[in-house]
Amino acid sequence: MNRDLCVGIADMKFVKETGSLITYALGSCIGVSFHDPLIKLTALLHILLPESNQVSNEHVYKFADSGIRETLRILSLQGGAKSRYVCKVAGGAQMFQLPGNSPVANIGKRNFECVQKILQSEGLRISNAQVGGTIARTMRVEAATGVVQIRTHGLAEIIM
Amino acid sequence: MDMNEQTLDVVREVGSIGTAHGATAVSALLDRKVKISLPDVRFLDFNEALEEAGNLEEEILCVLSTLSGEMKGMMLFLMRKDLINQIIGPMLGVEVEEYEDLQDIALSALAEVGNIVISAYINALAGLAQMDIQVTPPAISRDMLGAILSVPMTMLGYETDKIMMVTGNFIIEEKKFDSSFMMVPDIASLQTLTEKLVGRYE
Numbered sequence: 001m002n003r004d005l006c007v008g009i010a011d012m013k014f015v016k017e018t019g020s021l022i023t024y025a026l027g028s029c030i031g032v033s034f035h036d037p038l039i040k041l042t043a044l045l046h047i048l049l050p051e052s053n054q055v056s057n058e059h060v061y062k063f064a065d066s067g068i069r070e071t072l073r074i075l076s077l078q079g080g081a082k083s084r085y086v087c088k089v090a091g092g093a094q095m096f097q098l099p100g101n102s103p104v105a106n107i108g109k110r111n112f113e114c115v116q117k118i119l120q121s122e123g124l125r126i127s128n129a130q131v132g133g134t135i136a137r138t139m140r141v142e143a144a145t146g147v148v149q150i151r152t153h154g155l156a157e158i159i160m
Numbered sequence: 001m002d003m004n005e006q007t008l009d010v011v012r013e014v015g016s017i018g019t020a021h022g023a024t025a026v027s028a029l030l031d032r033k034v035k036i037s038l039p040d041v042r043f044l045d046f047n048e049a050l051e052e053a054g055n056l057e058e059e060i061l062c063v064l065s066t067l068s069g070e071m072k073g074m075m076l077f078l079m080r081k082d083l084i085n086q087i088i089g090p091m092l093g094v095e096v097e098e099y100e101d102l103q104d105i106a107l108s109a110l111a112e113v114g115n116i117v118i119s120a121y122i123n124a125l126a127g128l129a130q131m132d133i134q135v136t137p138p139a140i141s142r143d144m145l146g147a148i149l150s151v152p153m154t155m156l157g158y159e160t161d162k163i164m165m166v167t168g169n170f171i172i173e174e175k176k177f178d179s180s181f182m183m184v185p186d187i188a189s190l191q192t193l194t195e196k197l198v199g200r201y202e
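Protein sequence lines, in the order shown, are assigned to chains G and P.
Using UniProt numbering, the first residue of the first sequence is number 1, and each one after it goes up by one.
Using UniProt numbering, the first residue of the second sequence is number 1, and each one after it goes up by one.
Keep in mind the hints are simulated off the structure, nothing from the lab.
One or more hints might be untrue.
[Unchecked claim] List of simulated lysine-lysine pairs, BS3-like, C-alpha gap at most 30 Å:
#1 K82/G - K117/G
#2 K109/G - K196/P
#3 K162/P - K117/G
#4 K196/P - K162/P
Because the structure is a prediction, the values reported are computed rather than measured.
Bound conformation, chain G alone (with noise of 0.2 Å):
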C-alpha cells in the first residue's frame, strides 16, 4: 500500500506495467483514471475545477478541461491509443449545503458535466462512476489492470 504513488490536488501521474496511483480525499473535486490495457498504461487526474476559462496554463491539472487535454496529450506520448482507453471516475461530492449564490455552491455537480462533456467530446467513454452526493472518497488505482478502489467512511470498500 505505500507504494502508491501519491497524486496531489490540481495533479496527475501515470505509471506503466506495476505500481499504483492514489489520490486522497475528492470531496468535490475528481479523479479520472484512464487505463490502456494492451501497454498497462494508467493515468490518474485529480480537478478541483469545471472549465479553464483560459485562466493560466501553468496548472493544467487544476481544470477538468485542459487537465484531461494535457493527460491524454501526455498518454499518447507514452504510446496509449484513445481508441482503448478504459476511463473511471470518482468525486463531485457536495461536501456543505452552501446558499445557492455562493461560487462553490454546486461546484461537484459542476465538475462532473465538465468531465463528461469533455471526455465525450474526446470520444471517449465513462465505464465506471461513483460520484455526487455528500462523501468523501480517496480513488486508487492499478496499473496492470485499471483496477479502481473507492474508499469512504462510513460505507464498505468499492471496487470499479
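Let chain G serve as the given structure and place chain P on it in line with the hints.
Here is chain P on its own, set in the frame of chain G:
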C-alpha cells in the same frame, strides 16, 4: 501576490484580536476558561497546505461560513472529537465515541457554537478594519479532512494556487485541543484588509 513580513504581522495581529473575541464567546457559553492560541499565519501552495494538514483521510467535523461584502472568503472551524465532547458535554450532557454518533441536536449545537465563534471573530475584524462584512449561516460537514480543506481551495482556484490560512488552536481550562479555527480570505479582500490596516499601523 507579494506577502511581506509586515502584511503577515498585521494579519496575525488582527487574527489574534479576532480569536480572542471568539474565545470569549465560547467561554461565556460553556462557562469555562477558553482561549485560542496566538494565530499562525501561513501562505502555502494548495498541496503544501494539504501536506501540512496531516492525514487527509482523517474524519473531522467542520463548521463553515462564507464571507461576503467587503471581505470575501471562508471561515472554517475544524473540530476533533475531544473538543466536540468538551462542547456538547456541558451543553447537552452527552459524549460521543464516533462522529456518526452525533445526533441532530448535537450537530445543531456545534453549528451554533461555530456560528458564535465565527461571528465574534468577524465582528472584531470588521470593527478594526472598518469593513462591512457579512457572514452566511453556518454549514456543517463531517468527513475527510482533505475534502473539507479543498472547499476553500475551489473558492480560490480561479485566482490563485495559494491559500492563506490564519489558524489558532483551542485551549480549554489550560488544556490544548488539536482543533483549529481558520480564516481563508480571497486575494482581493486580503489586499483591501491590509491596505486598511497597514496604513493605520505605520
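(request) Find the hints from earlier in the document that the structure breaks and name them by number, from lowest to highest. (result) Of the numbered hints given earlier, the structure breaks just one, which is hint 2.
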